[in-house]
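J.: All chains should be built: construct the whole structure from the sequences, respecting the hints.
Note that the sequence shown covers residues 1 to 225 in this note's numbering.
Any given hint could turn out to be false.
[As the list claims (entries may be wrong)] Simulated pairs of lysine-lysine, DSSO-like, Cα-Cα distance not exceeding 27 Å: (1) 54 <-> 169; (2) 190 <-> 177; (3) 116 <-> 142; (4) 142 <-> 62; (5) 116 <-> 62; (6) 34 <-> 62; (7) 29 <-> 54; (8) 142 <-> 110; (9) 116 <-> 167; (10) 110 <-> 34; (11) 142 <-> 190; (12) 54 <-> 110; (13) 177 <-> 142; (14) 142 <-> 167; (15) 177 <-> 167; (16) 177 <-> 110; (17) 27 <-> 54; (18) 190 <-> 169; (19) 29 <-> 62; (20) 190 <-> 62; (21) 62 <-> 177; (22) 27 <-> 62; (23) 142 <-> 54; (24) 167 <-> 190; (25) 62 <-> 110; (26) 54 <-> 34; (27) 177 <-> 29; (28) 169 <-> 142; (29) 116 <-> 190; (30) 167 <-> 110.
Rather than coming from a laboratory, the hints here were simulated on the basis of the structure.
The model shown is predicted, which means the values in this text are computed figures rather than measured ones.
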Amino acid sequence: MLELRKKDFNCITSYALENISSINVDKLKPLFNKLPVDPYLAGNYRFRRLSHFKISGNSIIKLPHRPFYQARQYNPLLGNLVREYPELDDELIQLEDFQRIILEFFEFCKVCSTYKEVAVHQIRITASSEQIGEPAPEGIHKDGVDMICIFSVNRERIEGGETHLYKSKDDSPVLNKILNPGEMLVFSDKEFFHFTSAINAIALEGGVRDVFVLTCPGLIPSKEN
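T.: Structure, rendered in structure tokens:
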């Protein structure tokens with residue numbers, strides 16, 4: 001049974017923040033050690049994979065590979081650039097705990113979007129004594145989708161990484177929250193801007209922040225790109 005309660009969720013004014021206790025993040029953590037570096041971002045501190053899925057009932061169907069694209073109005077750092085990321089590992093996709101994250105998120109998508117597609121970004125941000133890690137180097141932004149979910153899998157040897165939601169870039173945030181492992185934040189990208197602050201390592205061996213970012217729908221290049 002899906003845990004997230006959408007009864008009082010309002011697509012315009014609400015966001016949802018819950019701890020999904022039935023998802024065993026310890027099963028997910030090792031698969032972040034296999035992520036390749038994001039070649040589009042300087043500093044080699046972001047690691048990333050991306051896959052797209054169609055939801056049919058309680059079934060999750062993996063879609064063919066396709067590139068990722070955001071217009072510059074949404075991403076001033078990497079906008080108007082067609083990006084290619086490796087697909088998620090089959091080992092991860094087959095895990096029941098991973099599939100449950102998608103289905104939990106899709107319950108909200110059904111309320112606030114007509115799309116039946118979910119993109120899943122698997123992202124690790126690292127920090128060391130020499131370099132901070134920036135989960136959102138583009139600053140306060142929207143992604144250009146209907147719905148967004150951030151699911152926290154792991155935080156090790158770091159401080160920072162606080163997620164903010166804003167109704168306007170010029171306003172104070174309506175949410176300031178460090179997402180702990182097992183916590184899921186869901187919100188409408190049409191109604192909220194979002195941002196996550198930099199992370200700093202608090203140990204000599206460095207630190208990591210591992211999350212899944214899910215969007216409904218995914219983003220693809222237009223025919224002009």
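J.: Does the alpha-carbon distance linking residue 116 and residue 190 stay inside the 27 Å limit?
T.: Status holds; Cα separation ~17 Å.
J.: Going straight from one Cα to the other, do residue 177 and residue 142 come out at no more than 27 Å?
T.: It holds: about 18 Å lies between the C-alpha atoms, which stays within 27 Å.
J.: For residue 54 and residue 169, compute the direct alpha-carbon distance and say whether it is at most 27 Å.
T.: With Cα atoms ~32 Å apart, residue 54 and residue 169 exceed 27 Å; violated.
J.: Sort out whether residue 62 lies within 27 Å of residue 116, counting only the CA atoms.
T.: 12 Å, holds
J.: Check whether the Cα positions of residue 34 and residue 62 lie no farther apart than 27 Å.
T.: 20 Å, holds
J.: Under the criterion that the straight-line Cα-Cα distance not exceed 27 Å, is the pair residue 190, residue 62 satisfied?
T.: 26 Å, holds
J.: For the pair supplied as a hint, residue 167 and residue 110, confirm whether the alpha-carbon distance does not exceed 27 Å.
T.: 22 Å, holds
J.: Taken at face value, is the distance from the CA of residue 54 to the CA of residue 29 at most 27 Å?
T.: 24 Å, holds
J.: Given the hinted pair residue 142 and residue 62, is their alpha-carbon gap at most 27 Å?
T.: At roughly 25 Å apart (the allowed maximum being 27 Å), residue 62 and residue 142 satisfy the hint.
J.: If you draw a straight line from the CA of residue 62 to the CA of residue 177, is it 27 Å or shorter?
T.: 31 Å, violated
J.: Check whether the Cα positions of residue 167 and residue 190 lie no farther apart than 27 Å.
T.: 10 Å, holds
J.: Given the hinted pair residue 29 and residue 62, is their alpha-carbon gap at most 27 Å?
T.: Holds, at about 21 Å.
Violated hints, listed in ascending order, are 1, 10 and 21; each of the other numbered hints is respected by the structure.
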